[in-house]
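Please construct the entire structure, taking both the sequences and the accompanying hints into account.
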Amino acid sequence: GRSWASPAGAGVYLSMAFRPREPTVPPLVTVVAGVDLARELNRRFPGLGSAVKWPNDLMARERKLGGILAETARADGKGVFLVVGVGINVESGRLPDDVGGSVALADCVGPARLVDVADAVVAGLERRLPRAPTSLDAASLDELDRLDWLKNRWVEHRLSDREPAVGLAAGIAPDGALLLRSRGGALRRVVAGSIALGGS
Numbered sequence: 016g017r018s019w020a021s022p023a024g025a026g027v028y029l030s031m032a033f034r035p036r037e038p039t040v041p042p043l044v045t046v047v048a049g050v051d052l053a054r055e056l057n058r059r060f061p062g063l064g065s066a067v068k069w070p071n072d073l074m075a076r077e078r079k080l081g082g083i084l085a086e087t088a089r090a091d092g093k094g095v096f097l098v099v100g101v102g103i104n105v106e107s108g109r110l111p112d113d114v115g116g117s118v119a120l121a122d123c124v125g126p127a128r129l130v131d132v133a134d135a136v137v138a139g140l141e142r143r144l145p146r147a148p149t150s151l152d153a154a155s156l157d158e159l160d161r162l163d164w165l166k167n168r169w170v171e172h173r174l175s176d177r178e179p180a181v182g183l184a185a186g187i188a189p190d191g192a193l194l195l196r197s198r199g200g201a202l203r204r205v206v207a208g209s210i211a212l213g214g215s
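The numbering of the sequence shown is our numbering, which starts it at 16 and goes up by one.
It should be emphasised that the hints constitute simulated quantities derived from the structure, not laboratory data.
None of the values given here were measured: they were computed from a predicted structure.
Glycine is no exception: its CB is placed at the ideal position from the N, C-alpha and C atoms.
A portion of the hints provided could be inaccurate.
[Unchecked claim] Beta-carbon label-pair distances, calculated as ranges: (1) D131 with E37: 28 to 34 Å; (2) W169 with P189: 20 to 26 Å; (3) G24 with D157: 36 to 42 Å; (4) N167 with R59: 39 to 45 Å; (5) R78 with R173: 17 to 23 Å; (6) A154 with V130: 28 to 34 Å; (7) D157 with A201: 20 to 26 Å; (8) S197 with R89: 36 to 42 Å.
What follows is the structure in structure tokens.
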């Protein structure tokens with residue numbers, strides 16, 4: 016049901032392949048990638064203020080700046096690869112009118128060259144993904160706490176055709192799971208499904 020728009024010149028869309036030594040842990044891969052991408056984009060484009068929305072979105076100005084996808088692929092005779100794809104909106108004037116809820120980097124910080132954004136994306140992905148992290152250390156959790164777009168917001172968790180579960184986003188666990196706190200105070204882990212604001 017979801018569409019993906021990538022008109023020429025509107026953004027940066029690229030994939031990188033890594034050969035992890037250890038099995039990857041979803042959704043940890045997209046969370047790690049999101050933190051490293053947000054850090055690199057914020058460093059290179061002052062004033063952007065991008066943040067990470069679990070499990071695989073980048074946000075800016077309360078709207079979606081980009082997205083991250085990760086999957087494993089097997090190459091004959093070469094083992095298993097981790098493939099991470101990233102899309103970043105750069106020029107809003109080139110995006111289709113029906114792409115709601117999105118924002119472009121140029122809307123936040125002014126015009127940017129696609130090659131500079133692509134260079135930032137590559138640098139972000141290369142920071143930790145080649146080592147295939149299996150958990151977030153204390154320093155990473157502190158940084159994620161500052162970049163966590165969902166934290167302290169009421170959200171609805173949807174999984175398949177089940178009734179949505181409402182909770183207060185309470186942070187990210189070391190393995191990349193989203194922590195949700197119910198109205199009754201119980202804390203539970205979310206490792207799959209979709210998250211939307213609401214339910215307060």
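Consistency of the hints with the structure:
Distance hint check: the CB atoms of D131 and E37 are about 33 Å apart, consistent with the given range 28 to 34 Å. Range check, W169 to P189: Cβ separation about 24 Å, and the 20 to 26 Å hint holds. A C-beta distance of roughly 37 Å is found between G24 and D157, which places it inside the suggested range of 36 to 42 Å. Between N167 and R59 the beta carbon distance is about 28 Å. The supplied range of 39 to 45 Å is therefore violated.
Against the hinted window of 17 to 23 Å, the Cβ-Cβ separation of R78 and R173 comes to about 20 Å, which satisfies the hint. The supplied range of 28 to 34 Å is met by A154 and V130, whose beta-carbon atoms lie about 31 Å from each other. Here the CB-CB span from D157 to A201 is close to 25 Å, well matched to the stated 20 to 26 Å. For S197 and R89, the hinted distance range of 36 to 42 Å is satisfied, since their beta carbons lie about 40 Å from each other.
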